[in-house]
Structures are given as C-alpha cells and as structure tokens.
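Participant: Residue-level listing of the chains:
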Amino acid sequence: MDSNLIIKLENIEVIYGTVKVLKGINLNIHDKEFITLLGPSGCGKTTTLRIIGGFTEPQTGNVYFDNKKINGVPPHLRQVNTIFQRYALFPHLNVYENVAFGLRLKKAKENEIRTKVFEMLELVNLSGFQPRDVNSLSGGQQQRVAIARALINHPRVLLLDEPLGALDLQLRKEMQVELKKIQQRLNITFVYVTHDQEEALTMSDTIVVMNNGEILQIGAPQDIYNEPANAFVAKFIGDSNIIDGIMHRDYFIEFGGNYFDCIDGGFKPMERVDVVIRPEDIIIEKPSEKNIIGTVETVTFKGVHYEMTVDSFGVKWIVHSTTALNPGEVTGMNVSPDNIHIMKKTGDENESYEIDEISRMINDEEVNINDI
Amino acid sequence: MIFKSKLPASPYIIWAAVFTLIPLLLVGYYAFTDSGGNFTIINISDVSKFGPVFIRSVLLGLIATAVCLILAYPFAFIMSRMNAGMQKIMMMLILLPMWMNFILRTYALMTLLEKIDVFVNRFSGFAGLGHIQIINSGGAVVMGMVYNYLPFMILPLYTVMIKIDKSVIEAAQDLGANTMGVVVKIVLPLSKPGILSGITMVFVPSVSTFVISRMLGGGANFLVGDLIEQLVLGTTYNLQLGSAISFILMIFILLSMALLNQFDADETEGMIV
Chain H
6 MDSNLIIKLE
16 NIEVIYGTVK
26 VLKGINLNIH
36 DKEFITLLGP
46 SGCGKTTTLR
56 IIGGFTEPQT
66 GNVYFDNKKI
76 NGVPPHLRQV
86 NTIFQRYALF
96 PHLNVYENVA
106 FGLRLKKAKE
116 NEIRTKVFEM
126 LELVNLSGFQ
136 PRDVNSLSGG
146 QQQRVAIARA
156 LINHPRVLLL
166 DEPLGALDLQ
176 LRKEMQVELK
186 KIQQRLNITF
196 VYVTHDQEEA
206 LTMSDTIVVM
216 NNGEILQIGA
226 PQDIYNEPAN
236 AFVAKFIGDS
246 NIIDGIMHRD
256 YFIEFGGNYF
266 DCIDGGFKPM
276 ERVDVVIRPE
286 DIIIEKPSEK
296 NIIGTVETVT
306 FKGVHYEMTV
316 DSFGVKWIVH
326 STTALNPGEV
336 TGMNVSPDNI
346 HIMKKTGDEN
356 ESYEIDEISR
366 MINDEEVNIN
376 DI
Chain A
14 MIFKSKLPAS
24 PYIIWAAVFT
34 LIPLLLVGYY
44 AFTDSGGNFT
54 IINISDVSKF
64 GPVFIRSVLL
74 GLIATAVCLI
84 LAYPFAFIMS
94 RMNAGMQKIM
104 MMLILLPMWM
114 NFILRTYALM
124 TLLEKIDVFV
134 NRFSGFAGLG
144 HIQIINSGGA
154 VVMGMVYNYL
164 PFMILPLYTV
174 MIKIDKSVIE
184 AAQDLGANTM
194 GVVVKIVLPL
204 SKPGILSGIT
214 MVFVPSVSTF
224 VISRMLGGGA
234 NFLVGDLIEQ
244 LVLGTTYNLQ
254 LGSAISFILM
264 IFILLSMALL
274 NQFDADETEG
284 MIV
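So the sequences go chain by chain: H and A. In terms of the numbering used here, the first sequence has 42 at position 37, counting the first letter as 1, and numbering is strictly consecutive. In terms of the numbering used here, the second sequence has 216 at position 203, counting the first letter as 1, and numbering is strictly consecutive.
Think of the hints as simulated: they come from the structure by calculation, not from any bench. Heads up, a few of these hints could be off.
[Said to hold, decoys possible] What the simulated footprint calls covered on chain A by chain H, stretch by stretch (three residues with Cβ under 8 Å from a Cβ of chain H suffice, anywhere in the stretch; the number is not a length):
{"id": "1", "stretch": "180 to 186"}
{"id": "2", "stretch": "190 to 203"}
[To be verified] Subject to a maximum C-alpha distance of 30 Å in a straight line, what follows is the list of computed DSSO-like cross-link-like pairs (lysine-lysine):
{"id": "3", "chain 1": "H", "residue 1": "Lys111", "chain 2": "A", "residue 2": "Lys198"}
{"id": "4", "chain 1": "A", "residue 1": "Lys198", "chain 2": "H", "residue 2": "Lys121"}
{"id": "5", "chain 1": "H", "residue 1": "Lys25", "chain 2": "A", "residue 2": "Lys101"}
{"id": "6", "chain 1": "H", "residue 1": "Lys112", "chain 2": "A", "residue 2": "Lys176"}
{"id": "7", "chain 1": "H", "residue 1": "Lys112", "chain 2": "A", "residue 2": "Lys179"}
{"id": "8", "chain 1": "H", "residue 1": "Lys25", "chain 2": "A", "residue 2": "Lys179"}
{"id": "9", "chain 1": "A", "residue 1": "Lys179", "chain 2": "H", "residue 2": "Lys111"}
Computed from a predicted structure; not experimentally measured. The beta carbon of each residue, even a glycine, is placed where N, CA and C say it ideally should be.
Bound-form chain A, shown alone (with noise of 0.2 Å):
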C-alpha cells in the first residue's frame, strides 16, 4: 500500500537522482579529493583563500535581498487589497517580465545602464560632480539582483497577504490599533511565512549569480558564481577546487536557510504557549 501511494512520485524521483542527487554526490567526491582521486581536505583549506570573493558575494547578496524586501513588501500588502481585477492585471505585469529569458533580461539592463551612464556623466562633469560609475559597479549588479528576482518576493509576500482576512485588520483598528499597531502586530506576524520565503528565493540565487556581476559588475565584482564557473569551465580549470567552493557555497546556503527556519519556528512555538 505504501508503495502504491508512492508510484505516482517516480518519475520525479528519478528525475531527481539523476540530476541533483549524482551531481551533489560528485561535487562531494571531487572537493575531497586531489586529482589523482586520494582523499585531501587541501581544496577546502584552499577556500579560505578566497575569502573576500565570498564576502562580497554575500554583502551584495543581502542588499539585493533587503532591496527587494523594502520594495516588494508594501507593493504586495497594498496589491492584496486591490479588487480581484486589479490583482490580475497586477499578476501580469509582475510575470510579464519573466517570460523572457533572464539572460536577454540582463543583457537589456546592461545595455540601457550603459546608455544612463554616458547620459549622467555627460552633465555630472558640467554640475562638476565628476564621474559616477553606473554600469560596472557593485551598484548596477545589486540593480540586476533585484530587477531579475523581485518577482520571488513578491509572490510569496502577496500570498500570505491576501490570506490576511480583511476584518482581522479592522478589528485590531477596532480595538484601538494605530496604522502602525497594526503594521507591527497584525500584518507583519501573519506576513512572516512570506517573508521568509520571500528572502529565502532572492537570497540564494543573488549569492551564486555569476552572469549578473559579469554583465553588470565589470571586472571588480567578481564574484562566488563567477569564482566557480571560472574554475569548472573557464581557463583555469581546477574541478576540485571549483567543487570545494561549490560545497563551501552549499553549506552556508542550508545554514542561512536553517537559521532562517529556526527563526520561524521559534515564533510558532511561542504562539501556542
């Protein structure tokens, strides 16, 4: 009987041993080994060589999270409250963006910041503000995290917010809530699923782009993604290497990933004592 209610989920079972399942398992092989297969935990040392790579990654990871996040949270409270058809014509131009593919996306932002760019400085020398870097900065590659993943924090925000029962709000104003009490005490705590996945899905792309910070970051804003592309496809080949950092990269990832979930579990818990 078990095996029967389980049928259904084999091709995706398959499907996912085949290609998450064997590749993790050989990232795992090759950043534990040396070329000539022996066991080393070197790669992994090695990483830390790489430190301000990983830190960069991160910094311009959280911008771009919390960006999105400043962005999106009020769009989404505010679009859940609209009438059903606004919300539709809402959705779509949300989604429309996505049908296109990331990279044309990114490139197309590439290019209109390197028009913006020649336009700015062509008055900023005038205002003798000397020259601002638009395109290939930190900046434009934070601009590219959040142009290409605000769409996945506000879908998860606008979820939860349009579970948010309209007079569940009226009876905290009713019971003397300000519109700040019930921001703080109403919408935030029954938004939080959504935030937390919100951050989850814009996080963990932004920290291992790699064509974002290439198209955008010109060549100081090298980072993680491009760390390991470079590594596994590029001219300095080194597998076991670019596996380690992959690795590094992966578990950093679940243990942001496990904070964050410890986060919410903790407030569950305290909800029911």
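For reference, chain H alone in the conformation it holds in the complex (with noise of 0.2 Å):
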C-alpha cells in the first residue's frame, strides 16, 4: 500500500431502503493533502463523508485509516474532526466552552485548554470573542468558531462538509482563501465537500467528482478541467459545449457539420461519441467550408468575456470571447485539435436525479439512536 496514504475506502456501499446512495466506492486519500468530494445534492459526497467520521456505517466495504481497519469505531474514538454544514455549535456554551470542549473531555488541565483555546481563536481570527454567546455570532464567526472547535484536537484529517454553503458570496471567498492557508499552516489533511465547482478548483490539490453513488472521476483540478471523463464531469465543472460526434476514425472527427482533426484515439470506426469543447476554446473566424457557420443569437457582457449564443442547424453552442458580435450575425467557429475533448457516450449521466433527492432525504432523517 501506498506509503503516504492516510485514508482507503475501499469497495464502499450504502443502501438506504432500497435506495443505493454510494455504489461501490474506491478512494485513496493521501496525508496533508487538500481532497474535495465535488457533485450535485444527493449525490453520495455527504453520506462519504459520514463513513469517514464514523457517522455512517457502509454496508459492504471497508475503511482503512493509517492501514488499520476502522469499520465500526465509533466518531468519539476517530482521529477525524467535522465542521458540519450549519455549524452545529452548542448554543448552552459560549465561544471558549465550545471551542474547549474536545479538550474537556480528555480532562486537560486548564491552564493548558486556556492557552491553547487561545491559540485556536487567533488561528480564526477570533481573539478576544471568548466570552462570546455562541447565539450572537454572525454566519462567518460562527463559522470559524466550528473550525476552531474542530482543530483544538489537533485531527491528522479535517472533515468540511459544504462549510461556507451558508455564506454570502464575498465572506465565502474570504473564507476560501482562509481555509486553504488554515490547511498549509497545520499541514494536516482536509477533505472537503461541496456542490460548488469554483470552490472545488481554488482550493483543492485533488478533486473527487461524484454523482448518482458513484465516483466519476478523480485527479488534480487542472486535470478535471480540461480533461472531463464524461460529459456529466464536463458539464458540471464549468460550462461547456458537449455535441454528438462521429469518430470516422483515430485523430479524425466529425461534429458541428464538419470535419477536425484531433488527438483522440483507440475509438471504433464511425464509433458515436461525445465531444466537449469549452466555451472559451471556441476560435471566432470568418465563416467558411473549413469551419462550423451559425448564427448568433445572444450576446451577454460578463466582465473579462462575451458570452455569446451561436446556433448552427439547431444545435446551440456558448462561446466566450473578448470581442463582441451581433446578434443575427453569421459566424464561424473553430477550435484547435487539443482543446476538442472526446469521450465515450455512456447514456446515462442524467439518470434519476430524483432517486438521489430520495436518498439525501432518508440521509438527512436517518436516525442513529445507537449511537446515542
């Protein structure tokens, strides 16, 4: 086994009724590394999250931590901390009880929980708000209370379940960045979970993309980006442009009408495929045979680019440019070979979003008076 591993789900499967919420997940988890579970809602990132903390327990499959075995510790004996979506601070202890607490129950010695609550709270930028009724707090401090509370512990593994989902756009910026520095400083490993692609790729060393129980594809964010497995990752980070191509054969496609030469192979002749381009691979050209002719449709400001709607023979494409057209405008459209991104049509990357909100509800009731 891999030496720098800290955590190995292997084979993991979560059934809820007759709902399967994770099906099969394998993952590796590296020490000190940032790891971000990345999907839409329902879509198994929590209920792997749970697993780890030992909130969960999978059906079939196991959880290594360090190489031991952890199937059936219970959360008080891991040596994991959760931040937990809203915060779950306890509303009877002010900011220096709640942030002391792991400390307490290992029976510390005051003086030793004073200075290190201490440290903690100047970590969050907090000094000063002991005395503080937890209550009061606005969104953000109460917040960085939750990681305070969680890191006195001192965790190899930090666990974030969609922490700044809560949070205005600005503060959840701020607070990216803040986590990520919080991470080198302690040098301890932090798995995250969200739902928001651009957190995902500012913060994390490796993305985990999930959906439907499933994962989809991992590796480093640069790599999700431009290298989609499938049309659902695609769609998902970022927007993207994902049409019906024929592979007539290796490093030759047909799509938009058209025909580019690009660097995919090992497809069957005249194999079906998906193709993703990128809005912002789109080159705007003057419309002809060598190229793909729609007209424009809409155009929209965005800041640094144009967002522009092109339609060609009923397919819609985005494209993003510095330069403005018309609408009503003809156009042609191009792109290099190594930004066309093909991938095997696997038919079902939509399937039952509904089943997962089934599931994220039986997940969100699921009672464990067991463990209480």
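Given two chains presented individually in distinct reference frames, assemble the corresponding complex, making use of the accompanying hints.
Facilitator: And the structure:
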C-alpha cells in the first residue's frame, strides 16, 4: 500500500431501503492533501464523508485509516474531526467553552486548555470573542468557532461538509482563501465536500467528482477541467458545449457539420461519441467550409468576456470571446485539435436525479439511536 | 396605544380576576380571620399540627415526580429521535388516556389494582411471602400520580428534545464524547428547561391531589388535598383552617417554584460569563 496514504475507502456500498446511495466507492486519500468531493446535491458525497467520520456505517466495503481497518469504530475514537454543514455549535456554551469542548473531554489541565483555546481563536481571527454567546455571532463567526473547535484536538484529518454553503459570496471567497491557508499552516489533510465547482477548483489539490453514488473522476483541478472523463463531469465543471460527434478514424472526427483533426484515438471506426468543447476554446472566424457556421443569437457582457449563444443547424453553442459579435450575425467557429475532448457515450449521465434527492432526504432523516 | 394592544387580553383578564384572583383573596381573608371576621394568626399556627400530612404529601409528590422523570426522560429522548411518522403515533398514544376523564381513569386504576392485589396475594401466601399490600398503600398513590401525570412530564421534555439538532450530538461525538459524555454534556443541559417545567407540572398537582389518595391510598395515606377537602366541604367543616392550610400549601409551592427557577437562572448566567 502507498506509504503516503492516510485513508482508504474500499468498495463502499450504502443502501437506504431500496436506494443505493453509494455504489462501490474506492478512494485513496493521501496525507496532507486537500481533497474535495464534488457533486450535485444527493450524489453521495456527504454520505462518503460521514463514513470517514464514523457517523454512517457502510453495508459493504472497508474503511482504512493509517492502514488499520476502522469499520465499526465510533466517531469519538477516530482521529478525524468534522466541520458540520450548519456548524452545529453547542448553543448552551459560549465561544470559549465550545472551543474547549474537545480538550475538556480529554481532561486536559485548565491552563493548557486556556492556552490552546486562545491559540485556536487567534488562528481563526476570533481573539477576544471567548466570552461571547455563540447565538449572537454572525454566520461567518460561527463558522470560525466551528473550525477552532474541530482543530483543537489536532486531528490528522479534518472533514468539512459544505462549510461555506450558508455564507454570502464575498465572505465565502475570503473563507476559501483562509481555509486553504489554515490547511497549509497546520499541514493536515482536509476532506472537503461541496457542490460548488469553482470552490473545488480554487482550493483543492485533488478533486473527486461524484454523481449518483459513484465516483466519476479523480484528478487535479486542471486535469478535471481540461480532460473531463465524461459529459457529466464536463457539464458540472464549468460551462461546456457537449455535442454529438462521429469518430471516423483515430485523430479524425466529424461534428457540427464539419471534419476536424483531433488528438484522441482508440475508438471504433465511425463510433458515436460525445465531444466536449469549452466555450473559451472556440475561435471566432470568418465563415468558411473549414469551420462550423452559425448565427449569433444572444450576446451577454460578463466582465472579462462576452458570452454568446450561436445557433448552428439547431445546436446551441456557448462561446466566450473578448470580442463581441452582433445578434443575427453569421459567424464561423473553429477549435484547435487539443481543445477537442472526446468521450465515449455513457447514455446514463443524467439518470434519476430524483432518486438521489430521495436518498438525500433519507440520509438527513437517518436516526442513530444506538450511537447515543 | 398601550390600551389598544392589551384589549384582546381583556376577556382572559376578567376571567382570571373573577375565578382566580378573587378566590385567592378570599382564601387569604379566611386564613387570617376567625369565624367572627376578626384578624388572627391562630389558623396559621394551627397548620403546624398537620405537619405529618404535609410531609407525607411532599414525600409522595417527590417520589411520583422522580418516577415520572426516570420513566419519561429516556422515552422522550428516544421519541424525539424517531422519524416524523413514529413521533405522531407516539404522541397519540401519550395523549389517548388524557381524552378520558381523570376521575374515571383513577377509578379504572383502582379496580385494576384491587384485582391485582387479590391475584398476587393468592400466590404470595403459597410462596411464604405473607400479605403484599397493593391497593390502599402509599405505593398505589404514587402509582396513581405517575399514571395520571406522566404525560405532563413527557410533553415538555419531548418539546425541548426535538429542538436538539442531531448534528449537535454528532459534533459532540466527533470531538470525543462517548454516550455518557453526550448525555451529560449536551442532552442534559439542553433539555434542562424541559426537566424543570416537567417537574413543576407533575409535582404541583401531585402534592395537592385528593382524588388519587382517597381512591388508591385507603385511610392511611391522607394528604394535604384530602385535608383541605374535608375541612372545606366535609364533615369537619372549618373554612378558616382549610384556608390557612391552602395558604401555606400555596406559599410552599410558590417557594419551590422560585427555587427551581433560581436553579435555571443560575445556569443561564453561568453560560454567558
């Protein structure tokens, strides 16, 4: 086994009633990495996190921590700590006592607790807040208390379940930077759950894209963005044009009514494929028989670029360009070979969002009387 | 404007004045006057003769309250962690007996305990255990109190417990709390308001009951409530003494409530510091 590995999930399955929430998850988490589980609501990312935290037991599969199997080990005996979605601060305790909670359970000495609480509050920029009632704090401050509280036990792994979901955009951006800083400063592993692809791209060393209880792709942010494994990943990570294409032979593809060179091979001759093209990779040209011809429908100014929709024989293309065209104008579009991403058709990528929602609800309602 | 905002409350204020405030003043008046209407504290000082009755009432009331708390606490917690549908069913089962009249329920319990008494003693004789008194005992009175007042303990506990977020409990476990730690450090402090109002709602009617003790206690378990009833409505008519006992009982209950509230207030203050 990889010596750098801290957590390993092996063939994890979770079933609620008749709904398979996780369908055989395999995941390696390395020490000190910032790994993000990314996917739409109900894809199983929170359940995966809860399995690592010990709050949900998988029906099948194994969980390893430091090469030791930890299936069945209750949360309070695991070397991980969690930041919960809605912070879950203790409403009957003040900021100081919330942060001190973990150390009090360890029966630490009062002066040691004091030093560490102050240290943690300083880390999250809340010095001076210790006597405050947690109910009087703003969302961002509560978030910081939750971080300080989780870090005081010096966990080897910190689990974060959509920690920034309740904050406004500005604050969220600030906290993204801050969380990343904290992770680097403490040099520990962060397992981060979010449905926000931008957040994932900004913060992570590794992104795990999930949907429907399955892992679709694991990779560095650049790889996930530039080389999405399938149409779902492409669509979920940023805007994408996903077009039907026919692979005539290796390195030669037909789509959008024209033929292009590309850099992919290994498909059957004349195999139907999905072609993914990022809007910013489309080059606006004069219409010719070499490119894709379409009519500009809408033009929206987005700050750095213009976002345009171009209709080409009924297919709507999203194009990002720094030069604006006029609606109604006929234009040609071209793509360089290395920006053409070709994927095998999966056919089921959008299958049953509803089932996912149901499983999410069941997950939320799940009752663990035995744990208490 | 102030008048306007209080107007809707006036029917209740009138109601409370006529049926609560005036009777209370009357109790106070009779407690401090003799049969001729002159001021006296003789009635009040006479109450001390009934010390044992007071002690028995408080003792049985305390036992009943404690039993209710022990039965209701885990039940309310488990109920609060059930899914919504189960919670509704449970709530129905708790409220169901309350649809029936209190006295009828106590009669039912009386009949039941009589039968059990006969049944048990048929066998205890063989087993050489001697006679086991079930009906007409202090135990039966406590049982009657628990039987009648248990819902009043469960409901306030359940009401505070459903507000305890599952994730708060998980956060405590996550930070290293085992089952005991979660109960002591999270569930107990967060459910304290429920415990306090549950205690109030069971202890107060238990201490002042007279139907339960008369039906289930036999002659030996004469409580303050029985005493007052006998003095005010019964054969040994003495309105002044009855009022004095009521007055003292009321003071006692108010004092214990104040004590309980103090307990609550202290904690809240400690929280902020």
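Participant: Are the hints correct? Go through all of them and say.
Facilitator: Structure-based check of each hint:
| no. | hint | result |
| --- | --- | --- |
| 1 | 180 to 186 | holds (count 7) |
| 2 | 190 to 203 | holds (count 11) |
| 3 | H/Lys111 / A/Lys198 | holds (13 Å) |
| 4 | A/Lys198 / H/Lys121 | holds (20 Å) |
| 5 | H/Lys25 / A/Lys101 | holds (28 Å) |
| 6 | H/Lys112 / A/Lys176 | holds (29 Å) |
| 7 | H/Lys112 / A/Lys179 | holds (25 Å) |
| 8 | H/Lys25 / A/Lys179 | holds (23 Å) |
| 9 | A/Lys179 / H/Lys111 | holds (23 Å) |
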